Amino acid sequence: MLTASTFWARHLQTREMTLVILILVVGIILQLITGRFFTFANLNAIALGFSTSAIMVLGMTAALVSGGFDLAVGSVFALGGVVVAEMLRNGLPIPVAMLIGVGVGVLTGFVNGLLITKVQINPFITTLGMLGIARGIGLAITEGSPIPIRIQEFLVYGQGKIMGIPNLIIIALLIVVVGDFLMRRSVAFRQIYFVGGNEEAARLSGINVDRVKIGVYALSGFLAALAGVLSTSRFTVADPGTGTGEELRIIAACIIGGCSLSGGKGTVIGGLIGLIFVGFINNGLTLLRVSVYWQQLTMGVVLLVAVGFDTFSQRLQARSRGKRKTS
19 MLTASTFWAR
29 HLQTREMTLV
39 ILILVVGIIL
49 QLITGRFFTF
59 ANLNAIALGF
69 STSAIMVLGM
79 TAALVSGGFD
89 LAVGSVFALG
99 GVVVAEMLRN
109 GLPIPVAMLI
119 GVGVGVLTGF
129 VNGLLITKVQ
139 INPFITTLGM
149 LGIARGIGLA
159 ITEGSPIPIR
169 IQEFLVYGQG
179 KIMGIPNLII
189 IALLIVVVGD
199 FLMRRSVAFR
209 QIYFVGGNEE
219 AARLSGINVD
229 RVKIGVYALS
239 GFLAALAGVL
249 STSRFTVADP
259 GTGTGEELRI
269 IAACIIGGCS
279 LSGGKGTVIG
289 GLIGLIFVGF
299 INNGLTLLRV
309 SVYWQQLTMG
319 VVLLVAVGFD
329 TFSQRLQARS
339 RGKRKTS
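Numbering (my numbering), first residue to last: 19 to 345.
These are computed hints drawn from the structure, not numbers from a lab. Just so you know, these numbers come straight off a predicted model, no measurement behind them. For each residue, glycine too, the CB sits at the ideal point set by N, CA and C. Misleading hints may appear alongside valid ones.
[Said to hold, decoys possible] Ranges of calculated distance between the beta carbons of each label pair, as one might list FRET restraints:
hint	residue 1	residue 2	range
1	I151	R54	37 to 47 Å
2	G53	R208	26 to 36 Å
3	I169	V44	20 to 30 Å
4	L146	V310	19 to 29 Å
5	P111	V38	39 to 49 Å
6	Q138	P166	39 to 49 Å
7	I46	R307	18 to 28 Å
8	R333	P111	52 to 62 Å
Using the sequences plus the hints, can you model the full thing?
Okay, here's the thing in C-alpha cells:
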C-alpha cells in the first residue's frame, strides 16, 4: 500500500523534485536578501523573460535525448525574427510572414539532421557551423541593423494577454506540457529515447534512426524560429544579434533538469524546471546589482557544474552496472 510518506519519499528522489526544492530555497534566500524577489511584478518579469527560452526547451531536450545537441538555436532564433520582420516590411500577410519565418527554422534543422545522419558530421561541428550560417544570413538581410515592426495585428501575439496572463507564457506552457506528454507517451517520440540510449540496438529493432534524428533537429529549428518570431512580436523589433549565448543557457537548463550528454535520458518538464532555476539565479544577480559580466561568468560556472555532475553520475552508474555483472 502506498502511504503518503512512501509517496513523497519516492518523489523526493527524483531529479525534478530535488531541483524544485532547491529553487524554493534559492527564492527564499533572495527574498530575505532583497525583500522584493517574490513580488508579482518580479515573478512576472522572470516568467516573461524565459518564456521564449521555454519554447526551445522541447527541441533541445529531444536533441540531447537523441544523443546530440543543437548549438544553432540562438542564431536560428534571431534568423526567425529577422525573416518575419523582412517579410512584413515587404507587405506579406501576417500568417504568410510567420509561416516563412518558422519555415526557415525547420529548413535549418532539416539541413542539420541531414548532415549529421547522411554525411556523418558530428553534431557539435554541424550545429556550430549552422550557428555561424544562420547568424550570417540574419546580418546580411538586415545589414547589421535592427528592423522595427509597428503592425499592431502582429504585435498582439507577443504583447497580448488572455485573462491577464501574457500570451507568451501561455504558448510556452502549452508547448512544454504537450511536448512532455508526447515525449513520455507517444510511440514516435519514445523512439528518441531508444535512439539515444542505444543507437545500434534501435536500428536493429527496426527504428529508422536517421528519420528520428532528422525529425529531432527539424523540431528544434522550428521551435527556435517560432520563439524568435514571438520575441520580435513582443519587442517590436528584429535584431540580428539577439539570441547570442541562448544555446548555452538552454543546454545548461536541460542538463540541470536531468538530461544527459550521453543521450537516452531527460524530460521536457525537467528542462523547464532547470530553466526556472537558471532564471532565478540570473534575476537574483540582477536584483543584487551584480554586473552582467559576472552574470555570464556565473552562467558558465553553472554549466560546468551541471556537466560535471552529469559525468559523475554516468560514471557511478557504469560502476554499478559493472559490479552487478561481476557479482
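Query raised in the report: Within 37 to 47 Å or not, the Cβ separation of I151 and R54?
Result: Between I151 and R54, where Cβ atoms are some 43 Å apart, the hint holds.
Requested in this report: Return holds or violated for the Cβ distance of R333 and P111 against the range 52 to 62 Å.
Outcome: Hint holds: Cβ distance 55 Å, inside 52 to 62 Å.
Report task. Could you see if the CB distance from L146 to V310 stays within 19 to 29 Å? Result -> The hint (19 to 29 Å, Cβ to Cβ) holds, given that L146 and V310 are roughly 24 Å apart.
Query raised in the report: Per the hint of 39 to 49 Å, is the separation of the Cβ atoms of Q138 and P166 within bounds?
Result: Given range 39 to 49 Å: holds, Cβ gap about 43 Å.
Query - Range hint compliance [Cβ, I169 to V44, 20 to 30 Å] - result: 40 Å Cβ-Cβ, so the 20 to 30 Å window is violated.
Query raised in the report: Is the gap between the beta carbons of P111 and V38 within 39 to 49 Å?
Result: holds, 43 Å
Query - Distance restraint evaluation - I46, R307, Cβ atoms, bounds 18 to 28 Å - result: holds, 20 Å
Requested in this report: Confirm or reject the claim that G53 and R208 have a C-beta distance inside 26 to 36 Å.
Outcome: violated, 46 Å
Checked against the numbered hints given earlier, the structure breaks hints 2, 3 and satisfies all the rest.
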